[in-house]
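Q: The residues making up each chain are set out below.
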Amino acid sequence: MDLVHIHFLLLSLLVIFSILAALNIRIIKAAILLAVVSLLTALILFLLETPLAAIFELSVCAGLITVIFISVISLTNPLTREERIEEKAKTLKRFVFLPGIVLVCAAAFYMLENSTNFIPIGASEIAVAQEGLWNSRQFDLIGQIIIILAGVFGVIVLFKDNKDDGGKK
Amino acid sequence: MIGDTLFLFKLYLITAPILFVVGIYAIITTRNIIAMIIGIEVMMKGVTVLLAAAGYFNGKPQVVEPLIITMIVVEVVILMISAGYIINIVKKHDSLDVANINKLKG
Numbered sequence: 090m091d092l093v094h095i096h097f098l099l100l101s102l103l104v105i106f107s108i109l110a111a112l113n114i115r116i117i118k119a120a121i122l123l124a125v126v127s128l129l130t131a132l133i134l135f136l137l138e139t140p141l142a143a144i145f146e147l148s149v150c151a152g153l154i155t156v157i158f159i160s161v162i163s164l165t166n167p168l169t170r171e172e173r174i175e176e177k178a179k180t181l182k183r184f185v186f187l188p189g190i191v192l193v194c195a196a197a198f199y200m201l202e203n204s205t206n207f208i209p210i211g212a213s214e215i216a217v218a219q220e221g222l223w224n225s226r227q228f229d230l231i232g233q234i235i236i237i238l239a240g241v242f243g244v245i246v247l248f249k250d251n252k253d254d255g256g257k258k
Numbered sequence: 009m010i011g012d013t014l015f016l017f018k019l020y021l022i023t024a025p026i027l028f029v030v031g032i033y034a035i036i037t038t039r040n041i042i043a044m045i046i047g048i049e050v051m052m053k054g055v056t057v058l059l060a061a062a063g064y065f066n067g068k069p070q071v072v073e074p075l076i077i078t079m080i081v082v083e084v085v086i087l088m089i090s091a092g093y094i095i096n097i098v099k100k101h102d103s104l105d106v107a108n109i110n111k112l113k114g
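If you read the sequences in order, they're chains V and P.
Residue numbering for the first sequence follows my numbering, starting at 90 and increasing by one per position.
Residue numbering for the second sequence follows my numbering, starting at 9 and increasing by one per position.
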């Protein structure tokens with residue numbers, strides 16, 4: 090199979106699984122479909138010669154994020170059977186326009202990029218990505234550290250014991 | 009060869025915005041908070057693919073690699089914070105529907 094066909098197949102699967110993840114009423118199924126989307130994204134990143142990012146995507150997005158989603162779903166109340174049936178009818182009505190919108194967007198972007206003069210060049214030899222990751226960055230590292238600290242606070246909020254609840258009960 | 013690269017470039021230029029549109033549509037149409045976060049994740053996948061394609065077709069994939077890794081870190085942090093919020097909202101309002109979350113007074 091040609092490389093172009095592999096790209097085409099992976100991108101098609103990516104769009105299909107994304108739509109399925111967005112459409113699904115059962116959140117647990119949507120979370121698992123999102124993990125499949127992450128897996129496909131990791132494969133695409135491998136093909137696009139960014140292997141470190143692909144490994145990150147695979148381990149963090151397909152692994153950690155799925156675990157967090159499933160923990161959140163198990164900690165919250167899932168929909169009952171009646172609510173699910175009712176929600177399904179509503180969702181089908183809401184998403185009836187989605188295929189049309191996707192087709193219109195595809196046509197619009199196709200026509201848009203036909204008017205551009207950009208000629209892509211093939212990937213040249215890859216320099217060491219670690220150099221870009223550790224040596225070339227300066228100020229944005231501060232932002233990233235602040236974001237990670239925000240994530241730590243998120244974890245604290247997630248596992249916080251509410252003392253008031255115990256008092257009321 | 010150039011024809012193949014150009015075709016791939018067009019393919020990525022169409023697919024990434026479609027993923028973004030699907031994510032936005034999911035956020036607009038649903039009222040479940042967790043489904044909204046899934047919509048945000050789908051949008052971020054579109055941005056990741058577009059970033060990687062931009063690096064590849066400019067011949068500098070090593071430049072975008074740190075950007076993608078940073079974006080994945082941001083993605084996880086967004087999810088962690090929203091997970092904390094969701095659990096607290098469910099404890100307080102006993103519902104995942106955003107229409108029921110209307111008690112914003114201190």
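Hints may contain errors.
DSS-like cross-link-like pairs, simulated, lysine-lysine; straight-line CA separation at most 30 Å [said to hold, decoys possible]:
(1) Lys118/V <-> Lys182/V
(2) Lys100/P <-> Lys179/V
(3) Lys118/V <-> Lys99/P
(4) Lys118/V <-> Lys179/V
(5) Lys118/V <-> Lys68/P
(6) Lys18/P <-> Lys99/P
(7) Lys179/V <-> Lys99/P
Hints listed in this document are in silico derivations from the structure and should not be mistaken for laboratory results.
Q: Now look at each hint and say whether the structure bears it out.
A: Each hint tested on the structure:
Distance restraint check for Lys118/V and Lys182/V: the Cα-Cα separation of roughly 20 Å lies within the 30 Å cut-off, and the hinted pair is therefore satisfied. Note on Lys100/P and Lys179/V: the hinted pairing holds, with a Cα-Cα distance of about 26 Å set against a maximum of 30 Å. Restraint check for Lys118/V and Lys99/P: the C-alpha separation of about 23 Å stays at or below 30 Å, so the hint holds. Of the supplied pair hints, the one linking Lys118/V and Lys179/V holds, its CA atoms being roughly 18 Å apart against a limit of 30 Å.
Using a Cα cut-off of 30 Å, the hinted pair Lys118/V and Lys68/P is violated, with the two alpha carbons roughly 37 Å apart. Distance hint between Lys18/P and Lys99/P is unfulfilled; the C-alpha atoms sit about 47 Å from each other, more than 30 Å. For the hint pairing Lys179/V with Lys99/P, the CA-to-CA distance comes to about 26 Å; that is within 30 Å, so the pair holds.
In this structure, the hints that do not hold are numbers 5 and 6, in rising order.
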